[in-house]
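J.: Residues per chain, in single letters:
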Amino acid sequence: MATKTELRRYVGTLASILWNYGASFPVPTLDAYPEGDLGFSISAELPGAAVPRAAVLELTEVWSPEGRGQYRRIEYAYEFIEHPLGRRRAFHRHDPDYFAREFGVVVHEHCEERIGVPTCSHYFGLPIDGYEAIRRFLSAWGRPTPFGCAALRCMSEAA
Amino acid sequence: MQGKPFLSPAEVARELGISASTVLRLIHAGDLPAIAISARIYRVPAASFDLFKAGGVRQPEIAPLGGVKPRPRLGRDEALPAAPRRPLARAR
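Chains as they are written, first to last, in our numbering: chain U, 2 to 160; chain V, 6 to 97.
I should point out that these hints are in silico values taken from the structure, not numbers from a laboratory. Don't be surprised by glycine CBs; every beta carbon is placed ideally from N, CA and C. Don't take every hint at face value.
[To be verified] Pair ranges (Cβ atoms, derived):
(1) V:I42 to U:A50: 16 to 26 Å
(2) U:R73 to V:P10: 33 to 43 Å
(3) V:V73 to U:D98: 22 to 32 Å
(4) V:R63 to U:D130: 17 to 27 Å
(5) U:T146 to V:A87: 26 to 36 Å
(6) U:G105 to V:R63: 34 to 44 Å
(7) V:G22 to U:P66: 51 to 61 Å
(8) U:S44 to V:V73: 30 to 40 Å
(9) U:S44 to V:L70: 28 to 38 Å
(10) U:R144 to V:A15: 32 to 42 Å
(11) U:P66 to V:R19: 45 to 55 Å
[What the hints assert, rightly or not] The following residues of chain V were derived to be distant from chain U, with all beta-carbon distances above 10 Å:
(12) A15
(13) E16
(14) A18
(15) R19
(16) E20
(17) A25
(18) S26
(19) T27
(20) R30
(21) H33
(22) I40
(23) I42
(24) R45
(25) K58
(26) G60
(27) Q64
With these hints in hand, go ahead and build the complete structure from the sequences.
T.: Here is the structure:
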C-alpha cells in the first residue's frame with residue numbers, strides 16, 4: 002500500500018537508479034487512468050552494444066485505490082529484452098484471477114535464452130517490486146552466462 | 006579501459022588513484038552506482054563511472070504527475086497458459 006506521494010517518490014527513485022546506470026528515457030510521470038487507478042511506465046535503453054538494438058528495460062505498474070488515500074499495486078510487468086545477446090526475462094502480474102484459479106498463484110515469469118524461442122510460456126515465480134526487478138535484470142546484463150531458465154518451474158507442466 | 010562496458014572495483018581504483026577498499030566504500034554508500042554479481046563481487050558500468058567522475062550521479066526526485074492516460078493492458082500480447090489437466094473423479 003502507498004499514498005500518491007509515496008508512489009511519486011517510488012517512480013522518481015526507480016528513474017534515478019536507471020539513469021545512474023546510464024539508461025536513456027524521458028522523465029517518467031505518475032499517470033491517472035480513467036477508472037481511478039494510477040500507474041507509470043518506464044522504457045529505458047541501456048548503454049553498450051546497440052546491435053541489433055540496445056538492451057531495453059521496461060517497468061510498468063498499475064495501482065488501484067483502496068480508500069483513505071491509499072493505493073495497492075494490482076498489476077505489473079517488468080521486462081528485460083537484451084537484444085545484443087538475443088534473450089528476454091520478465092516478471093509479470095496480470096490476469097490475477099485466472100492465474101489464482103488455475104495455478105494458485107497471481108504472478109508468473111518469462112524466460113527466453115533465445116528471444117522468441119521459449120521452452121515454456123509461463124514460469125512460476127514470486128512477487129517482486131521495481132527495485133528487485135532492476136537488481137535482477139542488471140545483475141544479468143551483459144554477462145555471457147545464461148539466465149538459467151531451465152531451473153525455473155514451468156506452469157504448463159505443473160500437476 | 007576504452008570501450009569496456011563494465012569495470013571492476015580494482016580498475017576503478019586504478020583510474021581514480023584510490024584504493025579498492027575506498028571504491029567498495031563508495032559503492033556501499035551508494036555514491037558510485039555498481040551492480041552486485043554476488044554478495045562480494047561488483048562491477049561498475051562504464052556509463053556509471055563516467056557519471057561519477059563528472060559529478061553527475063543523480064539523486065532521487067519526486068516524479069511529476071502526468072495527465073489522464075489510457076490504462077495499459079498488461080499481458081495483452083501473451084496467451085494465458087492452459088491449466089494442467091486434472092484427473093476426472095471416478096464415477097461411483
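J.: State for each hint whether it applies.
T.: Status of each hint after checking the structure:
1. V:I42 to U:A50: 16 to 26 Å: About 19 Å separates the Cβ atoms of I42 (chain V) and A50 (chain U), which means 16 to 26 Å holds.
2. U:R73 to V:P10: 33 to 43 Å: 38 Å, holds
3. V:V73 to U:D98: 22 to 32 Å: For D98 (chain U) against V73 (chain V), whose Cβ atoms are near 26 Å apart, the range 22 to 32 Å holds.
4. V:R63 to U:D130: 17 to 27 Å: 20 Å, holds
5. U:T146 to V:A87: 26 to 36 Å: 32 Å, holds
6. U:G105 to V:R63: 34 to 44 Å: Distance hint for G105 (chain U), R63 (chain V) holds at roughly 41 Å.
7. V:G22 to U:P66: 51 to 61 Å: 53 Å, holds
8. U:S44 to V:V73: 30 to 40 Å: 20 Å, violated
9. U:S44 to V:L70: 28 to 38 Å: 19 Å, violated
10. U:R144 to V:A15: 32 to 42 Å: Between R144 (chain U) and A15 (chain V), where Cβ atoms are some 18 Å apart, the hint is violated.
11. U:P66 to V:R19: 45 to 55 Å: 53 Å Cβ-Cβ, so the 45 to 55 Å window holds.
12. A15: 18 Å, holds
13. E16: With a cut-off of 10 Å, E16 (chain V) remains clear of chain U, as the shortest Cβ separation is near 15 Å.
14. A18: Nearest chain U Cβ is 19 Å from A18 (chain V), so the label holds.
15. R19: 21 Å, holds
16. E20: Check passes; 16 Å lies beyond 10 Å.
17. A25: Holds, because the least Cβ-Cβ distance between A25 (chain V) and chain U comes to about 20 Å, which exceeds 10 Å.
18. S26: 22 Å, holds
19. T27: T27 (chain V) is indeed farther than 10 Å from all Cβ atoms of chain U, at 19 Å.
20. R30: Holds, because the least Cβ-Cβ distance between R30 (chain V) and chain U comes to about 17 Å, which exceeds 10 Å.
21. H33: 15 Å, holds
22. I40: 5 Å, violated
23. I42: For I42 (chain V), whose nearest Cβ neighbour in chain U is about 6 Å away, the distance does not exceed 10 Å, so it is violated.
24. R45: 13 Å, holds
25. K58: Consistent with the label, K58 (chain V) stays out of reach of chain U, its closest Cβ about 13 Å off (over 10 Å).
26. G60: 12 Å, holds
27. Q64: 6 Å, violated
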